[in-house]
Amino acid sequence: MTHQDELAIEVRGLVKRFGDFTAVDGIDLDIRRGECVGLLGPNGAGKTTTVEILEGLQPATAGEVRLLGMRWATDAAALRERIGMTLQETRLVDQLTVEEMVRLFASFYPRPLEVEALIGLVQLGEKRHARVGKLSGGQKQRLALALALAGDPDLLFLDEPTTGLDPQSRRALWDVVAQLKARGRTVVLTTHYMDEAEVLCDRLVIIDRGRVIARGTPRDIITSLGAEQVIELEAEPAPDLERLRALDAVVGVQHHGGRVTVRVKELHVALPEVLREVAVGGGQLLHLSTRRPTLDDVFIDMTGRSLRESSEAKAA
Amino acid sequence: MNALTQLVLMRLRMLMRQPEVLFWTFIFPLVTSLVLGLAFRNDTLGPVRVAVAEGPGAQALVERLRDVPELSAELTSEASARRRLARGQLALVLLPGDVPEALVDPSQPEGRSARLLVSQALAASGEAPPSTTFKATPVSEPGNRYVDFLIPGLLGMSLMSNSLWVVAGSLVSMRGGRLLKRLAATPMRRTHFFLSFMLARSVFALVEVAFFCAFARWLFSVPMFGSYVTLTLVGLAGALCFSSVGVLVAMRARSEEAMGGLVNLVSLPMMFLSGVFFASDNFPAWLQPVIGFLPLTAINDSLRNIMLEGAGLASLGMPMLVLAAWTVLPLVLALRLFRWT
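So the protein lines, in turn, are chains V and Z. When we follow the numbering used here, the leftmost residue of the first sequence carries the number 1, and every step to the right adds one. When we follow the numbering used here, the leftmost residue of the second sequence carries the number 1, and every step to the right adds one.
Treat the hints as calculated values from the structure; they're not laboratory data. It is possible that some hints are incorrect.
Unchecked claim - Taking lysine-lysine pairs in the DSS-like style, the calculated list, with each CA pair at most 30 Å apart, reads: (1) V:Lys-181 to Z:Lys-181; (2) V:Lys-181 to V:Lys-127; (3) V:Lys-127 to Z:Lys-181; (4) V:Lys-265 to Z:Lys-181.
This structure is a prediction, so every number in the text was calculated from the model and none was measured.
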């Protein structure tokens, strides 16, 4: 048997080009067994391409990929038995019932989980005999997760599992992932939801334009920002950003959508100074709030863009 | 085998649970055949149509027949006359000669009255005693009406177009919905997947063959000289073959439009070349080898030979070989070139 500490996923210098476009530009990954790792980044960052290469659905242009010590070129059949996945926006067979769909996928694997157990795991027991076409978006995503788990995989890939879901379905999905982690399964998920990444992932890899721009635990990554708090304010007119940046307690300043975001070290020192700048500029304060920094602030700091904005702009 | 069973069940459920598929598979071909059959049914009203084949003394015979009001007589070439007799457009063909010879179709009720009328007309001229004025020759090939020719061809065409549209349509739609990609990421065996399309399709083909046999028999009295078992086996072989061709058609196509174009590209030429509505002998000799290798020709010829000439499986070796080739070749190609993403 394999050793517990062995790497579940080992990626070296992964490159994927489509013609002139480089989607993945030299990514390295080390993911241990039993870890839940999140690939974070805006749409088009190369997350899905990276994951699909790991899943054996696309060939890499260059680089080395090992899963569970095996390679796609030589061990494809064995690998497919040991991985599970959800893809983005998969349309399943609308005419089948939930139970029939799960039974079909279970039949592909040598040691499948019980159909009943799979349906129970994703809380679709009541919908067992419902046609797939009649399920809500959240129920379909949960069904997709049940299919991903059908073969009792050692390694699970979830590509944006909760995008567009209602809060209840998101929670249900998170619960399942937490159970899998508890059973020592390795999970790789892509997301552009900060809260999801913070709740589920042991480690994060932040990807932008095909490159890894940060990696570590969610806490480490946020700490790397050097900011303890974030002040958000709206003022008319807006204060001078350059003067704000010059303040000692201020780490960084961003202005978009009429809102000024100020990342600061010591809130009790910074807040009065920031408010004084608003007053100096003759501004009237319309909104003021403070919060702890999130991964989104990290992303903005590194790229000047918000994770969510860039993904929503793409979606629109 | 469990996976194959589940895949076949998936296909059956997909088809059974889509009412429009049932319509196109059963109701539509049924209605088409009914309409075509009715259109080409032998009309028993009006004067009995007969023809005299061109030859010495033909004109005189036509003149005599035209004296009989119940007869509508014309002069035409022998080949055309024989063809129209086979299609039920003529009740009798008279070949001129020392003793004129009358060709009749024994399955046509009109043939009998035509013979009597012609016999009387010739006798009335008083040149010879009625018994020696002409000899009657039944054209004795079985089922030589047009509808007899048409029904097996329609069954072949229906097996072809349903297999192509249903199989290729499903595959392309599954590709668009990324289901093929998802399935490709499981340990599912590719052969099982393609086989499930073919096997499920052949279950439907069974019902299709039964439908055609039933209405051919009861509505059009198309004779059945062969065995229903053989006919069903050939029908199944056809459904398997065309499902396989359907996989080939859907091998790379990403959109339903592209797929629809390909299905037409494959099926329309065969509809004309492979003898659905008219015999493929009408095409020039150089084209015949090509026509012979088309899967629809293999099916149509086999179905016709079984129904109308009582052919057994043993005599259908060549067309079955053609079908087998068209079944295996697309699968081999699909296993290598099929686009799963």
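These are the hints, each one checked on the structure:
A C-alpha spacing of about 26 Å is found between V:Lys-181 and Z:Lys-181, which places the hinted pair at or below 30 Å, so the restraint holds. The hinted pair formed by V:Lys-181 and V:Lys-127 meets the criterion: a straight-line CA distance of about 26 Å does not exceed 30 Å. Pair hint V:Lys-127 plus Z:Lys-181 holds up; C-alpha atoms about 25 Å apart against a cutoff of 30 Å. Of the pairs offered as hints, the one joining V:Lys-265 and Z:Lys-181 is violated, with about 48 Å between alpha carbons and a cut-off of 30 Å exceeded.
Hint violations for this structure: number 4 only, all remaining hints satisfied.
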